[in-house]
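Student: Protein chains in written order, with the working numbering: chain A, 377 to 704; chain B, 991 to 1301; chain C, 260 to 598.
One thing to keep in mind: the hints can contain errors.
As the list claims (entries may be wrong) - Listed next, the in silico DSS-like pairs over lysine-lysine satisfying Cα-Cα at most 25 Å (straight line):
no. : chain 1 : residue 1 : chain 2 : residue 2
1   : C       : K297      : C       : K354
2   : C       : K402      : A       : K582
3   : B       : K1095     : A       : K458
4   : A       : K551      : B       : K1151
5   : A       : K460      : A       : K551
6   : C       : K297      : A       : K645
7   : A       : K643      : C       : K530
8   : A       : K644      : A       : K394
9   : A       : K458      : A       : K489
10  : C       : K354      : A       : K644
11  : C       : K402      : A       : K575
12  : A       : K643      : C       : K354
13  : B       : K1095     : B       : K1151
14  : B       : K1155     : A       : K460
15  : A       : K466      : A       : K400
16  : A       : K395      : A       : K466
17  : A       : K460      : A       : K489
18  : B       : K1155     : B       : K1194
19  : A       : K616      : C       : K354
20  : B       : K1194     : A       : K469
Derived by calculation from the structure, the hints in this document are not laboratory data. A quick note: this is a predicted structure, and the numbers were derived from the prediction, not measured.
Listed below, chain by chain, are the residues.
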Amino acid sequence: MAKPILQVRHLVKYFPIKKGVFRKTVGWVRAVDDVSFDVYEGETLGLVGESGCGKTTTALTILRLEEPTRGQVIFDGKDITKLKRRDMRKMRKGMQIIFQDPYSSLDPRMKVKDIIAEGMLTHNMLNGRNVYKRVGELLERVGIPADYMNRFPHEFSGGQRQRVGIARALALEPKIIMCDEAVSALDVSIRSQIINLLKDLQNEFKFTYLFIAHDLSVIKYISDRVAVMYVGKIVELADKKVFFDDPLHPYTQALISAVPVPNPDYKKKRIVLQGDVPSPANPPKGCRFHPRCFMAMDICSKVEPELVEVKPGHFVACHFYDKKGGNS
Amino acid sequence: MKRTLRKLFSNVTSLIGILLLLFFVVIAIFAPVIAPPLSDDPYNTPRMSWDINPQPPGFPMSDNIRFIYDTMGKKVKWNKAIFGTEGGGYDIFYALVWGTRTAFKIGIITVASSMLIGLFIGSISAYFGGWVDEVLMRITDIFLSFPFLVAAMVLTTILGKGLDKVMIALITFGWMGYARVIRGSILSAKEETYVMAAKALGIKDGRIIWRHLLPNTIFPVLVQGSMNIGSMVITAAALSFLGVGAPMGYADWGQMVSFARNWIIGAPGHAGQYWYTVFYPGIFIVLFVLAWNLIGDTLRDILDPRLRGEL
Amino acid sequence: MMAKKREKLLEVKGLKTYFFTENGVVKAVDGVDFDVYKGETLGLVGESGCGKSVTAFSIMRLLDYPGKTVGGRVVFEGENLLEKSEDGMRKIRGKDIAMIFQEPMTSLNPVFTIGYQISEALKIHLHMNDREAMAKSVELLKKVGIPIPEQRVHEYPHQLSGGMRQRAMIAMAMSCDPTLLIADEPTTALDVTIQAQILELMKALLQEFNASLIMITHDLGVIAEIANRVAVMYAGKIVEYSDINTIFHFPLHPYTFGLLTSIPRLDVELKRLDAIPGFVPDPLHFPKGCKFNPRCRFATDKCREEEPPLVKVEEGHLVRCWHVDRVKEEVKNGLLVGV
Ligand SMILES: Nc1ncnc2c1ncn2[C@@H]1O[C@H](COP(=O)(O)OP(=O)(O)O)[C@@H](O)[C@H]1O
Ligand SMILES: Nc1ncnc2c1ncn2[C@@H]1O[C@H](COP(=O)(O)OP(=O)(O)O)[C@@H](O)[C@H]1O
Ligand code: SF4
Ligand code: SF4
Ligand SMILES: [Mg+2]
Ligand SMILES: [Mg+2]
């Protein structure tokens, strides 16, 4: 098996909740709460979960665009949580991110060529003269004519802007790219173009992707392995096929069964979950899923289940599958 | 229909603003041609008579003064105070023309300087947040807690008389508004993903502020600034009026109005006799302020919808 | 599921709604025809900007300047709504035709309690008094599955979660027992498990109230789940119109066909997505001829010159395309996945 390029260990990110005139901290949003996983070189790890479960925060803390509260991020063998601001800036070259919103992620007052060139110039990859030639090549590679480089972002459609965002990340020749809902905001017909582009680029440049999405259909198409988050925690992680064909965690099962399939003849047993996703500011005790779980047992409301490897490469955080729960 | 009317109207007003500003710019540029100076310092308004009382429009230069200029070898190209004179015989027309330059100087220098200070403090404060923000905003609050006019007056009194002192005072107590506005817009702009994207590329903080944040947030400040250029001139005039501004005879509209106050009422039985001492500088100040206000409005109209369309 | 005696509830014919903007006339809805029968659900599907919401607003006559319905008929229970007085229209809105929006936060008034907002419609349309209306509101909230409704009626929209707000919105829409419900992307802003709840709820309520639904969405999965018949929109026009099985298994318009082969889906393993090239045209610069022609792999010179009409291909299956035969060939050859 390939070696892990990114190892996330017990990553925690709490945001303070401030109240009153004195902005006193009255509590914490436990956006990411002890998350550990590996991403192997050249693979696509899908990270899925409902909104607010901590996917974006996970990506941002890995990149240290948000400072982690605790935990380690080991990139290419180096613990980057200990790096100084300046060294971290250099490290950014190896890890890039593509954002969800193709509109707000490009500076509206900069020409596209400068948006793409900025990173290369910052990291002294090319000098001023050659950089625009490279920008042209990158634009062509992502499917935009090179002579559009003098335009401003608002002169492009959403799909094209997302291509520019991809070119910007591509420019630094990173090892790993985090795609944070990179196709979620796009129209149906544009979405598949971008997904194809991302796949092609991966084949060509051997990128590793951490692909974040809330859409399971997209995750299924693009990922090699899939991790599900629920209220700040990873509850299941497995190879794609196992994940979709034989999910173990009750939440995963419900999630998969809830996805509408564009086929009126597709029959499936739907598990409709009761209630809402709890707030990470005040997660339920024990298993965070227990108020909605259709398999909940006594222990579930008291003890938080750990993410354990129940089969090789298949991790689940559920009492039903560990020794204490009695089953498995 | 209503919209087109409104648009037309706003176009008319902006046209007026531009024409007015152009008018003042032309006067300022061609001041030496329109009113050739008679002394080494062109801001010294020449006197048309030694009389303590103002003289009416069309008053000719008195002979003894003419004689002095002649013996000095100065060629006097004009010899009529077409707008009359102030008390002390200072030529109103000349002072108005050169006062235009003074007005631009006061307006642009004070606004540009306060804007720079405000931009610097506001952007640092908003971008870094935390204690930096806390400290800088407390300082801003302290400056804001002084009533502007009183504070400026006290400072000018301490520094001494003169327009440069007035300007220093106006800058010292004039930057806070810009700092606040820019801080507010940067606070919201820095939440935009493109700032996050720039950080993710490894770009330095200074460059993020300079290349990404300021270009996206500076326009409200520019609008505010252009509107303030006019009001700075009024404030300077007010300080002159309170006696801490330019000395008598200096080509400055504020100074003119200030010294005209002795003549506003006129001699007993001749109310409004000396109207020209207030009227001409007054109208210049009003038009100057109006011009900048209209320009500010126009700027806002131009910048805002386009901004909205782009984002 | 389709009623045997199909009674027409709503007939939209040649509906045209334009926006008269500074940059030109945006033909947002340009000749849309469809019918809604009693008790059925019609899915209106298409990508953003194709005119779905404007169609809905035109039916409800909720458009403001610069939008204006410039042609067509909207016949609801025998009456052309476009010719009704504003007063007459107010009597229909919220009573006979109700609407549910994508973002319940913006369509619920933040300063009034949920109960007050539901009661309002009851008082106006059904002439209930305060007490009756409040009691009915509690009952409605219970019906849409809001826990502790007695307490929730007194709460404000921001105190509810997204899913609960959408439920409250549905309660409001159902309050006067409408015969037609128009739902504009009601689940788009929701998470999938909440979306599943809302879809189940809507299905149950439609049955109970025997109401018809126009379900507007861009999600073909949601359509497959809830609709009986489907109208596919592209660039302000209906391009294909048929029953649900035909649309998903035997689509005849290249756009429908392209959509179905391009989306990732859970039910089949796809090697590569067959993406539709290009992008949705800007409504101010629609291409000449068939509006889909720059993106269509079947396009010929005729397509680039002349706009095809919406024609009946089979009973109950209308397609707007010159080359239906060629698409038919491909569908027959089993190129469509999941058949
Ligand atoms: N800067 C922040 N300050 C406070 N809370 C935050 C911040 N960013 C995210 N959160 C909270 O953290 C939780 C996880 O958010 P996020 O990572 O964006 O979720 P996802 O990307 O899965 O939708 C949410 O409850 C969100 O409100
Ligand atoms: N107020 C408006 N002014 C101008 N154009 C509008 C306005 N509202 C909608 N449109 C245009 O009408 C078209 C259809 O919009 P809409 O019905 O909202 O699409 P959707 O299918 O996403 O609901 C779009 O091209 C949009 O640009
Ligand atoms: S631990 Fe208990 S409550 Fe949590 S998912 Fe497993 S069975 Fe359900
Ligand atoms: S009419 Fe021509 S361009 Fe339009 S969909 Fe049919 S084949 Fe394609
Ligand atoms: Mg997110
Ligand atoms: Mg819409």
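Student: A separate judgement is required for each hint: does it hold in the structure or not?
Tutor: Against the structure, the hints:
1. A threshold of 25 Å between alpha carbons decides the hint, and for C:K297 with C:K354 the separation of about 16 Å falls inside it, so the pair holds.
2. Taken as a hint, the C:K402 and A:K582 pair is broken in the structure, with Cα atoms around 53 Å apart against an allowance of 25 Å.
3. Of the supplied pair hints, the one linking B:K1095 and A:K458 is violated, its CA atoms being roughly 53 Å apart against a limit of 25 Å.
4. A distance of roughly 66 Å separates the Cα atoms of A:K551 and B:K1151; the hinted pair therefore is violated under the 25 Å criterion.
5. For a cut-off of 25 Å, the pair hint linking A:K460 to A:K551 stands: about 21 Å separates their Cα positions.
6. A distance of roughly 29 Å separates the Cα atoms of C:K297 and A:K645; the hinted pair therefore is violated under the 25 Å criterion.
7. Proposed proximity of A:K643 and C:K530 is supported: the alpha carbons are some 23 Å apart, at most 25 Å.
8. For the hint pairing A:K644 with A:K394, the CA-to-CA distance comes to about 45 Å; that exceeds 25 Å, so the pair is violated.
9. For the hint linking A:K458 to A:K489, the alpha-carbon distance of about 34 Å lies beyond 25 Å, and the restraint is violated.
10. Straight-line distance between C-alpha atoms of C:K354 and A:K644 comes to about 36 Å, which puts the hinted pair past the 25 Å bound.
11. Under the criterion of a C-alpha separation no larger than 25 Å, the hint pairing C:K402 with A:K575 is inconsistent with the structure, at around 46 Å.
12. Taking the CA atoms of A:K643 and C:K354, the gap is near 36 Å; set against the 25 Å cutoff, the hint is violated.
13. The suggested pairing of B:K1095 with B:K1151 holds, with an alpha-carbon distance near 17 Å, which does not exceed 25 Å.
14. The suggested pairing of B:K1155 with A:K460 is violated, with an alpha-carbon distance near 46 Å, which exceeds 25 Å.
15. With a C-alpha separation of about 35 Å, the suggested pair A:K466 and A:K400 falls outside the 25 Å cut-off, and the hint is violated.
16. Among the hinted pairs, A:K395 with A:K466 is inconsistent with the structure: their alpha-carbon atoms are about 37 Å apart, more than 25 Å.
17. For the proposed pair A:K460 and A:K489, the alpha carbon gap of about 30 Å is over 25 Å, so the pair is violated.
18. About 38 Å separates the Cα atoms of B:K1155 and B:K1194, which puts this hinted pair outside 25 Å; it is violated.
19. For the suggested pair A:K616 and C:K354, the alpha carbons sit about 48 Å apart, so the restraint of at most 25 Å is broken.
20. Taking the CA atoms of B:K1194 and A:K469, the gap is near 13 Å; set against the 25 Å cutoff, the hint holds.
Of the numbered hints listed earlier, those contradicted by the structure are 2, 3, 4, 6, 8, 9, 10, 11, 12, 14, 15, 16, 17, 18, 19.
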